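Novice: Generate the whole structure from the sequences, applying the supplied hints.
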Amino acid sequence: MTIEVKNIVKKFGDFAALDTVSLKVGDGELLALLGPSGSGKTTLLRIIAGLDWPEAGEVTIDGEDALGRGASERHVGFVFQHYALFRHMTVFENVAFGLRVQPRAIRKDEKAIRARVKELLDLVQLDWLSDRYPSQLSGGQRQRIALARALAIEPRILLLDEPFGALDAKVRKELRQWLRSLHQEIHVTSIFVTHDQEEALEVANRVVVMDKGRIEQIGTPGEVYDNPATAFVHGFIGESIVLPVDVSDGAVRLGGRPLNVAANGAAPGASKLFVRRHDMQIGPAGSGSLEGAVRHVRSFGPIQRAEVALADSEGKTVIEIDAPRDRELQAGEIISLEPRRYRIFAAHE
Amino acid sequence: MSTAVARRSTLPGFGLTMGLTLTWLSVIVLIPLAGLFLKTFELSFDQFWGIVTSRRTLSALKISFGLSFAAACVNLVMGTVIVWALVRYRFPGRRLFDAIVDIPFALPTAVAGVALTQLFAQKGWLGAPLAELGIKVAFTPIGIFLAMVFIGIPFVVRTVQPVLIDLDPEIEEAAASLGADRWHTVFRVILPSLIPALLTGFALAFARAVGEYGSVIFIAGNLPNVSEIAPLLIVIRLSEFRYADATAIAVVMLLASFIIIFAVNRLQRWAQTRIPTH
Chain A
1 MTIEVKNIVK
11 KFGDFAALDT
21 VSLKVGDGEL
31 LALLGPSGSG
41 KTTLLRIIAG
51 LDWPEAGEVT
61 IDGEDALGRG
71 ASERHVGFVF
81 QHYALFRHMT
91 VFENVAFGLR
101 VQPRAIRKDE
111 KAIRARVKEL
121 LDLVQLDWLS
131 DRYPSQLSGG
141 QRQRIALARA
151 LAIEPRILLL
161 DEPFGALDAK
171 VRKELRQWLR
181 SLHQEIHVTS
191 IFVTHDQEEA
201 LEVANRVVVM
211 DKGRIEQIGT
221 PGEVYDNPAT
231 AFVHGFIGES
241 IVLPVDVSDG
251 AVRLGGRPLN
261 VAANGAAPGA
271 SKLFVRRHDM
281 QIGPAGSGSL
291 EGAVRHVRSF
301 GPIQRAEVAL
311 ADSEGKTVIE
321 IDAPRDRELQ
331 AGEIISLEPR
341 RYRIFAAHE
Chain B
1 MSTAVARRST
11 LPGFGLTMGL
21 TLTWLSVIVL
31 IPLAGLFLKT
41 FELSFDQFWG
51 IVTSRRTLSA
61 LKISFGLSFA
71 AACVNLVMGT
81 VIVWALVRYR
91 FPGRRLFDAI
101 VDIPFALPTA
111 VAGVALTQLF
121 AQKGWLGAPL
131 AELGIKVAFT
141 PIGIFLAMVF
151 IGIPFVVRTV
161 QPVLIDLDPE
171 IEEAAASLGA
181 DRWHTVFRVI
191 LPSLIPALLT
201 GFALAFARAV
211 GEYGSVIFIA
221 GNLPNVSEIA
231 PLLIVIRLSE
241 FRYADATAIA
251 VVMLLASFII
261 IFAVNRLQRW
271 AQTRIPTH
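Chains as they are written, first to last, in my numbering: chain A, 1 to 349; chain B, 1 to 278.
Simulated from the structure, these hints should not be mistaken for laboratory data. Keep in mind it's a predicted model, so treat the numbers as computed, not measured. Incorrect hints may have been included.
[Said to hold, decoys possible] Pairwise CB distance ranges (calculated): (1) Phe258/B / Arg107/A: 41 to 47 Å; (2) Val171/A / Leu11/B: 30 to 36 Å; (3) Lys24/A / Val186/B: 34 to 40 Å; (4) Asp62/A / Val186/B: 29 to 35 Å; (5) Glu73/A / Met78/B: 31 to 37 Å; (6) Asp226/A / Leu11/B: 56 to 62 Å.
We treat Cβ as the ideally placed atom computed from N, Cα and C, and that holds for glycine.
Specialist: Below, the structure written as structure tokens:
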């Protein structure tokens, strides 16, 4: 099933939660809406689900207008951050709920409902919990039950709002991989909201990066990481070193001193140079366009992380770089730095 | 196996608080009630049985418990509706209505009784139109029922209100996204979550109605066998210096109330275990 969102505007009072947002989701995709809190990602998800209504715009699910229908008529599975399981029902009854409230004409008989619930509990590998109450389950188990419950109605699309947000790091990691493989198995078009970039990059096949009610970039995890479209995306995804630079006549200067990087068509004026921590080439003093004193080195695993005070700015600018451990850095050492890969964005962005 | 009492505990003060609890409950509740029971022993069992099974006593008990039960049922339904409106919607005057709910708590019961009687008397604002329809409220069992509804309503509202406020709106959204219409959402999701609180509110409203005296006697008419409540019969016996008779009726009321409240409590406990609060 495809989803199309066109020019959605949603305001809470004076605050524009969504500012003309458009998005297309293809059949069978697993899409992540990624952004900081307040970026509008959950609002967009809720509008698609029919739990919120926009001031303007269109939402179509499989070509059909969705805004004219309420949540209960959209046939959309929704998974909440805090599970929202029915506390007075057993796990079994929770999963069966969507089947039991169907209109009489299409409602399955008891035997078929039982079979379907069993099948779903097997799918989430929790059939042994069917007689328990939600309060007797761990967070990870509750979320899997919530997912089984949402899938029971064979939804056209599956929407997950920060599904792993309330879980601890280890369980979150397990569930991520599990969700990915589950999606491969059932292949229902899915959108999940997260503020965790690692989660988005690891699980989704496309990532939508949002900020302040706007979509900053849509792309595969590789694209948004390697080719961030805006300064925001560069800063939000992955660790970045940001240096204030000045672009003029095709040259890039840091504190008046030209850097050995090409402006690549960046507009003249005050700009920001973004470099990934691991994209700084380290050399002996005097061999690169940036120079600095190593202040502190921490080594772990395959990398060493060094804090370097740049010489150009009288030691005021301190950056953190990741370097391979082929050459151990020493505190106090003067090194040169050269950005291998970088992006330049106008400073006001 | 040593008991929890003997062991060191992370919650100190058990001895002190338990001692105070027992002393206080004894002085305030248990000793007076024991006195009540002792007083009835001035009667032989046959005398006791004769008093409690006399027509007048049985009628009074039937009126008291029957109407209290009916009033509590009405309060349960109407109280739930009021709670729903107060919690779920924002409307002008909401706080005022919220405060009005407490009036039956605060108003001296006699004042309530007089007010209701005036209102529903044959020439009262509501009594007159009702009389034209042939419905007589004041000085009939309907009047008693009305007074009992009046004094019981805050108990249901105030016990259910915090629970409904705490009810996560997401569970309703979850129900909707699973295809449930409003009917299913309310009757399968919301109300079941409120059952323990509803039962508590019901029990409190019922207990209050059974024990109510002040407001009821003004509106009741107090005809023996027709509109005479058990507490009034007790007062009458006391004024006749038939103390043992009065205590005999009181003991029956006490036991009946205790059994009913206990049953409701068990029911509530059972519902609570089905809906554990996290």
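Novice: Quick check: which numbered hints come out false for this structure?
Specialist: none
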